[in-house]
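*Asks:* Here the protein sequences come in this chain order: P and V. According to our numbering, the residues represented by the first sequence are 2 to 192, in order. According to our numbering, the residues represented by the second sequence are 2 to 192, in order.
None of these hints come from the bench; they were simulated from the model. Hints may be right or wrong, so weigh each one.
Since copy identity is lost for identical chains, a pair holds within one copy or between any two.
Cut-off 25 Å, straight-line C-alpha distance, at most; resulting in silico cross-link-like pairs (PhoX-like, lysine-lysine) [unchecked claim]:
{"hint": "1", "residue 1": "Lys150", "residue 2": "Lys129"}
{"hint": "2", "residue 1": "Lys90", "residue 2": "Lys129"}
{"hint": "3", "residue 1": "Lys90", "residue 2": "Lys150"}
Small disclaimer: the values here were computed from a predicted structure and weren't measured.
2 protein chains.
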Amino acid sequence: MSFFSSGVEYGLHCLLCLVDTKAGASAVSTRDIAELQGLPVEFVAKIFTRLQRANLVTSSAGLHGGFRLARDAREISVLDVVTAIDGEKSLFECKEIRDRCAVFEGNAPVWATQGVCSIHAVMLEAEKSMRSVLSACSLADIAATVQAKADPGFGGAVTDWLMHRGTNRRPRKDLTGPHPGEEGDSLVELS
Amino acid sequence: MSFFSSGVEYGLHCLLCLVDTKAGASAVSTRDIAELQGLPVEFVAKIFTRLQRANLVTSSAGLHGGFRLARDAREISVLDVVTAIDGEKSLFECKEIRDRCAVFEGNAPVWATQGVCSIHAVMLEAEKSMRSVLSACSLADIAATVQAKADPGFGGAVTDWLMHRGTNRRPRKDLTGPHPGEEGDSLVELS
């Protein structure tokens, strides 16, 4: 099983749809984002509940409500998204077995358990290095990479698709905001 | 759940016992290593089966048989140990959802799926950075860190403990080598 959930992958793809959302444009509903990306709408709604809780997106209610990025895409890092969706996870969970060494005979000296275990320290350094890469990359950076390889009309086609959906929206069960009872929900991995 | 298993933590602690094993000294049994570290002997035996399969340790049979490092501790990296015990794992498993974008109407253009997905690319960079830290750190490096903070007599006490156990070893079920039927065993996380 990989370290980052599929929710992170889906969340990043979904957020990229919002990078070009102009300030005056309609907000985008989770239903439209999910259908644009070919993802289950309930799953996307749960992802956006977490993104909103982490203040990475803002929501507005009503027929033309939906989500927008809460700040400039250059100021939302991949690490922000990962943490919002998967929570704080560690690569390595130190079980602190240093004090069990038989030569201590059940009475480990202070030096043996003081500070971070030397094995844990290496893992923390590796994790710091990994996080540093994720922190240095913003949604705007990824969007620019996609734009550089995409056909010139792609960005416009996505905007048109979303605008068409927004304009033709009919009243229905609101799926744009947080859902009652979702507080404790976990993002089940999709197979 | 953390990315690296507890087997990695235990394996690294166990291997540190072998760093100072002199060429002429007795090999160390998994039973002695496990009891020195306060770990379940069956679990340590499984870890050493994997370490041996990855050619990080060598084993000898018989009453005074056991394990030694297969090469100098400066030439065994933390990444070697992680890979031997946990196998090749990825931080991120790309599900390649790029081609689902609704604007492609089921017929994604070549540019959309060519090369690595831009989100996956960032994750691969983060993983490379993490692996690079683990690859640059050897068992000898960790042993040196431990030695620098330990009481001066600690290394000698461990050697004496192991020598005493080796000298007083009595014939018993051999737990030093690979165990029949273990090929498919997984290292169950210990709670």
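*Asks:* Now look at each hint and say whether the structure bears it out.
*Replies:* Hints and how they fare:
1. Lys150 to Lys129: between (30 Å within a copy, 23 Å between copies)
2. Lys90 to Lys129: both (12 Å within a copy, 18 Å between copies)
3. Lys90 to Lys150: neither (33 Å within a copy, 29 Å between copies)
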